[in-house]
Every structure is written in C-alpha cells, then in structure tokens.
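With the hints as your guide, set chain B onto chain A.
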Amino acid sequence: MPRAIRGVLIECDPAVKSIIVNIDSENHDYIIEDLDEQRCVVKETMVQQLKQKLNETLRHPHDNQEGSGSD
Amino acid sequence: VVDQIRLWQLENERMKTTSGFLFKDFDDAKEYEACAGYASEIGVCVWRNDRRAMFFASKHEQIRDFLKLRKKAD
Chain A
1 MPRAIRGVLI ECDPAVKSII VNIDSENHDY IIEDLDEQRC VVKETMVQQL
51 KQKLNETLRH PHDNQEGSGS D
Chain B
101 VVDQIRLWQL ENERMKTTSG FLFKDFDDAK EYEACAGYAS EIGVCVWRND
151 RRAMFFASKH EQIRDFLKLR KKAD
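Order-wise, the sequence lines are chains A and B. Mapping the first sequence onto this note's numbering, position 47 (from 1) lands on 47, and the numbers just tick up by one. For this note's numbering, add 100 to where a residue sits in the second sequence, where the first one is 1.
Next comes chain B alone, as it looks inside the complex:
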C-alpha cells in the first residue's frame, strides 16, 4: 500500500493536466499572431508554440468571438 501511495504521488507530481482547447490550422501567421496574442492577453493561453503556430487555451468562448469579429472586419 505504501508503494502504491508513493507511485500515485509520483505520478501526480510528475504530471500536470489542464482541460481546454488546442487551436491550430490557422490561415496565416498574422491570424495566428493576433489570436495567440489575444489569448495571452486575456490570460487563457496555457502553452504556445509560435514556430508550429498552435496554442492551448483553458477557455475558448472569447477566442471564438474574437475570431468571428476579425472575420467580419476583413
């Protein structure tokens, strides 16, 4: 039992999970930059990789609205 608890702790210490949404397949770098920038700004961006142009956000509603508004403005 001690071993099991130790392993369980090990796993929890060594692994962090965050629910959310992966944003990918942007039309161009500009769209990615704007969107990832916005996500960072409002504090929902958990991880981003500019080279691969994808990011992970804890929430998606505001980003979805942001994208819609951007499309309209175009």
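Extracted from the complex, chain A is given alone in its bound form:
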C-alpha cells in the first residue's frame, strides 16, 4: 500500500533550492523528500520557519553566497 505524506511542495530555482538543502542539513528538520534540483517536499509546520531562515540567508549571505547581494 502506498503512503500519502502530508507536506508542502516547494518549487524554486536551483540556487534557492541549494540554500534550503543547506538549512535542512543542520538538523534535517524541514525536508520530507528531496524531489529534484528545483523541488522538495517540506513539513507543513516548518514552512514559515524555513521562509524566515531563507530570508535571513538571502539578507546576510555569509556562506558561499558572498557578494551576490548587489545588483
């Protein structure tokens, strides 16, 4: 019998996707299933927190995103 897992499908560009994977790699608390380079399924309860973290990362690009914040 197949399983139906409740979650939120996130579709984004590969750059954003890699940031999400990075955020998840700390505790593996967000991603339920990594689908492809532009998609993953995330726990419904964690989406807001993920968006917040994503915004922080985009605002303070400290890891491998240095210098990408300017136009």
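Incorrect hints may appear among the rest.
What the hints assert, rightly or not - Computed spacing ranges between beta-carbons, pair by pair:
| # | chain 1 | residue 1 | chain 2 | residue 2 | range |
| --- | --- | --- | --- | --- | --- |
| 1 | A | 13 | B | 140 | 18 to 28 angstroms |
| 2 | A | 1 | B | 140 | 16 to 26 angstroms |
| 3 | B | 173 | A | 34 | 18 to 28 angstroms |
| 4 | A | 52 | B | 127 | 15 to 25 angstroms |
Honestly, the hints are just simulated from the structure, not real lab data. Just so you know, even glycine gets a beta-carbon here, dropped at the ideal spot from N, CA and C.
Chain B alone, transformed into the frame defined by chain A:
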C-alpha cells in the same frame, strides 16, 4: 526597508509553495501508473516522477478512495 521588500519579493518570485500530499512506496509499477494516471486525470497531480514512482497531489481524498476500490477489485 527597500532592501527588505526587494528580498521578500525575490523570495516570493523564486519560490512557489503548494500544500498537499506526496504519494510514494507503491507496491509495483502498475499500481503507481494507475494511481498517478488517475491523479492527473482528475487534475490534482502537481508533480510526478515516473522513474522514482512518486507524485505530489494537491488533494488526497479521491486518490485514497481510488486505491481502496482498486484493492477491493483485486
């Protein structure tokens, strides 16, 4: 503040979210094909990957019923 709005827009443009259900762990390819096909047909299939035999649907009630009926028919 302008920067914050710009980033917020950036995130929203670059990211789309859809609530629903991920269907996986099918018994066999036939069951997957039938189920994913049905989900596409009724317009609830948002994403599918036939190679990995999983799909994401915006609703699950009809698919659940479909699976039950299929099991009974077997």
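Outcome of the hint check:
1. 13/A - 140/B: 18 to 28 angstroms: holds, 25 angstroms
2. 1/A - 140/B: 16 to 26 angstroms: Given range 16 to 26 angstroms: holds, Cβ gap about 20 angstroms.
3. 173/B - 34/A: 18 to 28 angstroms: For residue 34/A against residue 173/B, whose Cβ atoms are near 34 angstroms apart, the range 18 to 28 angstroms is violated.
4. 52/A - 127/B: 15 to 25 angstroms: violated, 39 angstroms
The structure is inconsistent with the numbered hints 3 and 4, although it conforms to all the rest.
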